[in-house]
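Protein chains: 2
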Amino acid sequence: MVKVVILGTGNLATNLFKACKTAKNITVVQVYNHHNQSLKAFEEFTEVTTNLNDLKTANFYILALKDDIIPGIAKKINTKSGIVLHTSGAMHINALDKNENFGVFYPLQTFSKEKAVNFTEIPICIEANSEENLDQIKDFALKLSQDVREIDSTQRKALHLAAVFVNNFSNHLYDLGDEICREHQVDFSILQALIKETASKVETLSPREAQTGPSVRADTATMHSHLELLTGHKKKIYTLLSDSIQKLHGKKL
Amino acid sequence: MVKVVILGTGNLATNLFKACKTAKNITVVQVYNHHNQSLKAFEEFTEVTTNLNDLKTANFYILALKDDIIPGIAKKINTKSGIVLHTSGAMHINALDKNENFGVFYPLQTFSKEKAVNFTEIPICIEANSEENLDQIKDFALKLSQDVREIDSTQRKALHLAAVFVNNFSNHLYDLGDEICREHQVDFSILQALIKETASKVETLSPREAQTGPSVRADTATMHSHLELLTGHKKKIYTLLSDSIQKLHGKKL
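Protein sequences, first through last, are from chains P and S. Per the UniProt record's numbering, the first sequence starts with residue 1, numbered consecutively. Per the UniProt record's numbering, the second sequence starts with residue 1, numbered consecutively.
Just so you know, these hints were derived from the structure itself, not from any lab. Honestly, I wouldn't trust all of these hints.
Because identical chains share one entry, a pair is satisfied inside a single copy or across any pair of copies.
[Unchecked claim] Calculated cross-link-like contacts (lysine-lysine; reagent style DSBU-like; alpha-carbon spacing at most 35 Å):
1. 236 with 115
2. 21 with 56
3. 251 with 113
4. 40 with 251
5. 247 with 18
6. 247 with 115
7. 251 with 75
8. 247 with 196
9. 3 with 75
10. 113 with 196
11. 234 with 138
12. 115 with 251
13. 138 with 18
14. 66 with 251
If we strip away everything but chain P, and leave its shape as in the complex, we get:
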């Protein structure tokens, strides 16, 4: 049985806890957080603590915490045998080098407490301070997901940046689309089939091949009529993204 301590109670910690609970041969022996309130959701399932000196013995100490507090918390985990892992896309593995055994367990997915995800399909990017620890992290990650990849800190940082573009920024575009719908009394749900198809198209076509729309057709009449409907940030975003599309496709007018 692999013993795990999860540090943190946010979106990732919550989803990771659920995934460990359903996985075979993993037990979450403890959840840590610096304040009590958010531990309430966990205390009926496992031990909880607000004291870093009370951490139980475990194979893995998984830091599902904000980037800026990771190095400070890691330093305070006194463990000779357990492997300390951070889960950050942007942070270098060496942020943990005050520990003896350390590595990275970065699940490349967006997490919300309100929506469960299928952890077995999430790519897990792993890295370690030794070959031996890498093997252990890999075995552990493969109990949770079928898609485990060795990715170094530089690649992971780039991947995290790419994720901001395809996830955070795309979601913001959905939000702007929702605003436009509401301004014209149209139900946003009508766009959901389109959003899903846009996402699934890039499984079979490259995004370059999949590009459609007025900008790539250089349909300036439609673009002008769209710009007339826009003001503020939405207008700036429409102009900049259209320009960027035309540049990538060699359509700059």
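Got chain P sorted already, so can you dock chain S onto it with the hints?
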């Protein structure tokens, strides 16, 4: 049996032709295009023509053509009984008012010739110049899709604009993510689970609720480290979209 003439041979025309072929009680009696070459893909299945004076009698003449040539082609269709439909998101219904019976049949989806879509799940936005024609268009649309909605020209134009944000612009962000991956020798396929989850999240949460990432957390350290990796259009887009996210979420620093 509902008889249809399709005018055009592009992405939408191709997908519409396939959908009509599999639908019950619809027959495509003819496909028109101004040049012969692109009609070859259709001629083993139906009659084809390059001459607008040779159009066959039909219930619907569906213009799956570029916006700028729609009014000119529509004027040349001499039909007393058939309903002339355009399929454009941006064009007002009155672009067809030289015809006696006319309307709009706008399938809100992204089409490529290379990738088949399930037409029955596509929202079809319809509009007509009379109640009687609206009923006929509705009956026809319901043979092709289970999701048929009456949307007027003003709403449809806004919807088309919203579609540019959620589809064309999101796809461009995938393209920029792909570029970042390639620059760092990471396979873009690793992002596909994230892209799909981002799209399916807004079926249960509003985009505002679903927003995650460094901008909405006001995690300036991560944002700075991302910006160091970027130049040119990608840097401008990162800055503008982060700014827009923070503005919408009241996080402007």
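Hints, one by one, checked against the model:
Both within a single protomer and between protomers do residue 236 and residue 115 lie at most 35 Å apart by alpha-carbon distance, with minima of 32 Å and 32 Å respectively. Taking the closest pair of Cα atoms, residue 21 and residue 56 come within 35 Å of each other only inside a single copy of the chain (18 Å); across copies the shortest separation is 65 Å, beyond that limit. Taking the closest pair of Cα atoms, residue 251 and residue 113 come within 35 Å of each other only across two copies (21 Å); inside a single copy the shortest separation is 43 Å, beyond that limit. In this assembly of identical chains, residue 40 and residue 251 lie within 35 Å of each other by CA distance solely across copies; the values are 28 Å between and 56 Å within a copy.
Proximity of residue 247 to residue 18 under the C-alpha cut-off of 35 Å is restricted to the inter-copy arrangement: shortest distance 33 Å between copies versus 44 Å within a copy. Proximity of residue 247 and residue 115 under a CA criterion of 35 Å is satisfied inter-copy only: 25 Å between copies versus 37 Å inside one chain copy. Only between protomers do residue 251 and residue 75 lie at most 35 Å apart by alpha-carbon distance; the minimum there is 31 Å, versus 53 Å within a single protomer. For the homomeric pair residue 247 and residue 196, the shortest alpha-carbon distances inside one copy (26 Å) and between copies (26 Å) are both at most 35 Å.
In this assembly of identical chains, residue 3 and residue 75 lie within 35 Å of each other by CA distance solely inside one copy; the values are 20 Å within and 75 Å between copies. Both within a single protomer and between protomers do residue 113 and residue 196 lie at most 35 Å apart by alpha-carbon distance, with minima of 22 Å and 18 Å respectively. For the identical chains of this complex, residue 234 and residue 138 are inter-copy neighbours only, at 34 Å across copies versus 44 Å inside a copy, given an alpha-carbon limit of 35 Å. Taking the shortest Cα distances, residue 115 and residue 251 sit within 35 Å of each other only across copies (24 Å), while inside one copy they are farther apart (40 Å).
Proximity of residue 138 to residue 18 under the C-alpha cut-off of 35 Å is restricted to the intra-copy arrangement: shortest distance 19 Å within a copy versus 47 Å between copies. Taking CA atoms no more than 35 Å apart as the test, residue 66 paired with residue 251 passes between copies only; the shortest distance there is 17 Å, against 42 Å inside one copy.
Comparing the model with each numbered hint stated earlier shows that all of them hold.
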